[in-house]
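> The listed protein sequences derive, respectively, from chains A and B. One point on numbering: in our numbering, the residue at position 71 of the first sequence is 868, and numbering is uninterrupted. One point on numbering: in our numbering, the residue at position 391 of the second sequence is 417, and numbering is uninterrupted.
Be aware that one or more of the hints could be misleading.
Listed below are the simulated EDC-like cross-link pairs for lysine to aspartate or glutamate, each with C-alpha atoms no more than 16 angstroms apart in a straight line [claimed, not checked]:
hint : chain 1 : residue 1 : chain 2 : residue 2
1    : A       : K1201     : B       : D493
2    : A       : K884      : A       : E851
3    : A       : K1017     : B       : D346
4    : A       : K1225     : B       : E195
Don't read these hints as lab results, they were simulated from the structure.
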Amino acid sequence: MSIVTVQLGQCGNQIGFEVFDALFSDSHCTQGLCSKRENEAYRSSCKERFFNEEENGVPIARAVLVDMEPKVINQTLSKAVQSSRWKYGQRSCFCQKQGSGNNWAYGYSVHGPRHEESVMNLIQKEVEKCDSLGGFFIIMSMAGGTGSGLGTFITQNLQDQYSSSLKMNHIIWPYGTGEVIVQNYNSILTLSHLYRSSDALLVHENDAVHKICAKLMNIKQISFNNINQVIAHQLGSVFQPTYSEEGSFHYRRNPLGDLMENLVPHPEFKMLGVRDVPRMSENSLAYSTFTWAGLLKRLRQMLISNAKMEEGIDWQVQPPLSRLPTLGKRSLSEQLRFNTSIANLVVLRGKDVHSADVAGFKDPALYTSWLGPDNAFNVWTTQRAFSKYEKSAALVSNSQFLVKPLDMIVSKAWNMFASKAYIHQYTKFGIEEEDFLDSFTLLEQVVASYCNL
Amino acid sequence: MTQSVVVQVGQCGNQIGCCFWDLALREHAAVNQKGIYDEAISSFFRNVDTRVVGDGGSISKGKICSLKARAVLIDMEEGVVNEILQGPLRDVFDSKQLITDISGSGNNWAVGHKVFGHLYQEQILEKLRKSAEHCDCLQCFFVIHSMGGGTGSGLGTFLLKVLEDEFPEVYRFVTSIYPSGEDDVITSPYNSILAMKELNEHADCVLPVDNQSLFDIISKIDLMVNSGKLGTTVKPKSLVTSSAGAFKKRQEKPFDAMNNIVANLLLNLTSSARFEGSLNMDLNEISMNLVPFPQLHYLVSSLTPLYTLADVNIPPRRLDQMFSDAFSKDHQLIQADPKHSLYLACALMVRGNVQISDLRRNIERLKPSLQFVSWNQEGWKTSLCSVPPVGHCHSLLALANNTCVKPTFMDLRERFTRLYKKKAHLHHYLQIEGMEESCFSEALSSLSALIQEYSQLDATKSMPVEDLPRLSVAV
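Modelling step: build the complete structure from the supplied sequences, incorporating the hints.
What follows is the structure, encoded as structure tokens:
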């Protein structure tokens, strides 16, 4: 089954490019460490998911590019052409002349209805090119105006027009400080609306990825390219083909559907995060060897201590012995030292993958009381090595990991809302104070639900 | 891509405007060496086939034929505009873009606003419409004027209202030159206060600049050059200093160098909208991020490093110094000290070889020394434009919505009150049709209300920042 990617705004388009480039490079690299036949199968599965074949043999990304100003799309298209290995479709772009100005309301209430037909037509054309549609992958940031506002509008439309297809929104969580001043407003509006219309939100935090670039990749002067490449790598490690079941050598047909089935058991909980091991600069990689036991031990500790990367993991954190509520009120940070999960999916790729033991993830203490590990934990595997790593493991989890950042954003937006600052910019385009209040209410509910796991 | 139209009013506005066009041409010439008319150039210039008579002849693609500035030049005397038309920039303008008179406004806001305003309203409107018709997607009007005189101040603010009525969707960014204390125009406090009311009501963003600050910056640059610091060389052909716009030799008057700074301000303000970068900032993002309340739309700007404003080559200092300097009071384009006042919001617009990690490091480093209003503790907006100013490797424009503008306004009010108490020169204004004493009292109370708003924010400075009780939900 195929996935149609919709990349929106500057951030969505820049990341979208890196994602397709990472998927393509990996599926065409010669270091797959597996038989030729298996490599072929892997490649064709990746192609079915993410690329169309054009007549002259150049694969075309199953993607629709949307932005409200032309600069970034032009740049993205030409980067794809320069790669000369894959490209975007000639008629799969939609751009306008004037951006949304970091205003969610402008993206959602003005650009959205105005360009609804054109954008939905492009998406439909892309859908028609798929033999069978597995769902939509929508890449957007939530800080600005186009990705966040228009992205939300388009997701709602997809919900209306393709109600039986799955929609996963890939959300770029802004740096805590310093990207867009109204980012907290734009974020709460985005998240609350998507919570109603999307099936799952896969979140990447810029702060966390930035740290990975600095600490693990040893990059001195970090650019957005570096950051986007790390994100693309993590997505690739999840979405590249894996076997459909243990012992089988057929590749999974419906990754998006399986992902949702494994990870989103309840509509109140749909925030997903990705972690991966190992992760290092290429120079260090040459001198490192890995064992499955070591990788999985670290990945598990990253999960329960809520570490975003291998460095600085808190090894003191252990699963609680009993799930009895403790007496007295604990602070939010204390409560969350142990990161309780709803569901986890481990994706293992590489040599001797059958020997990897994932028992550590099957401990019921890791999960909420109402879902046992049998239902809450899954593992996907393939012998085919990913990218340059002989062995690698990715973890997609639906857990409390986002409670703190979400609580922070709601808190900052709430403080600003109380002063009424910037509200006039939103009411100008029909987003009223009640709409903000609705968003606050919904997100407070989400925070509370995750807190009380 | 969007386009902008520059409306330059009065002597000061036209001199700065002229400087700006010269710099803009040089910048695009350096970036776009193939001579193709591209989207970046189109934001400020039209490409015209001059052989075609009449209004036609606009070329949207291909080779650059003849570039025409998207500008309207207005002055109520002829001197400056005539100089422009005889100077090296004459080909960028044509007579259809000009409005002049011969009598001048006599440093009287009322003459500019009430007399010439009504006299030229239709003509101004027609030229503005024409300039708008040439745009594919007009986003912004940049008005350049001075506050102290008659034409820039009076007619310049008159046309703001015209723009608002005629083009409600198009942003109005105003660069206003404020008179310094020892201004030689005796009525400048009257003119400034009357103009302030219009700015309060009809501008989206105002970038206040004062002559004294510009003069101080020029002196500092001169000192830097003359101190003969190691490696300092005078560049033979600088591209950040306008020479074509200069009417007199630099040594004679510092005004050209001062105008040059303001022209660079506009160039850097629009660079991220015109050129590529990894974090774009369109013009409409400026007011969205920096104007929390409609009235509080005065942005204090600083340009660093200073040497990017002059014809000198100084070995680049630490990148971080550029960020530190942007917050120091002697780099601001008005007399203001943002570091010891309260920030409502702050934008850092970076050009050149600077990455997101450099930006983040500097924000983290500087944040502890700056005070932000309680509800916007993280009020930073950033942009990264990959095209540096010509001949330099990087530059920074910082825009601050900060209560440090208040002293400028209070100073103005004091000078106004001193004159007004004695009713000095008042009759020159009141004899103009449509001018009443109430115009003065309303302007004064409008300014006082603005000062009051800043004072109320300042008063929150010493209060502890606390999170407000949140909505509670049933679980």
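> Check each numbered hint from earlier against the structure, then list the numbers of those it violates in ascending order.
Violated hints: none; all satisfied.
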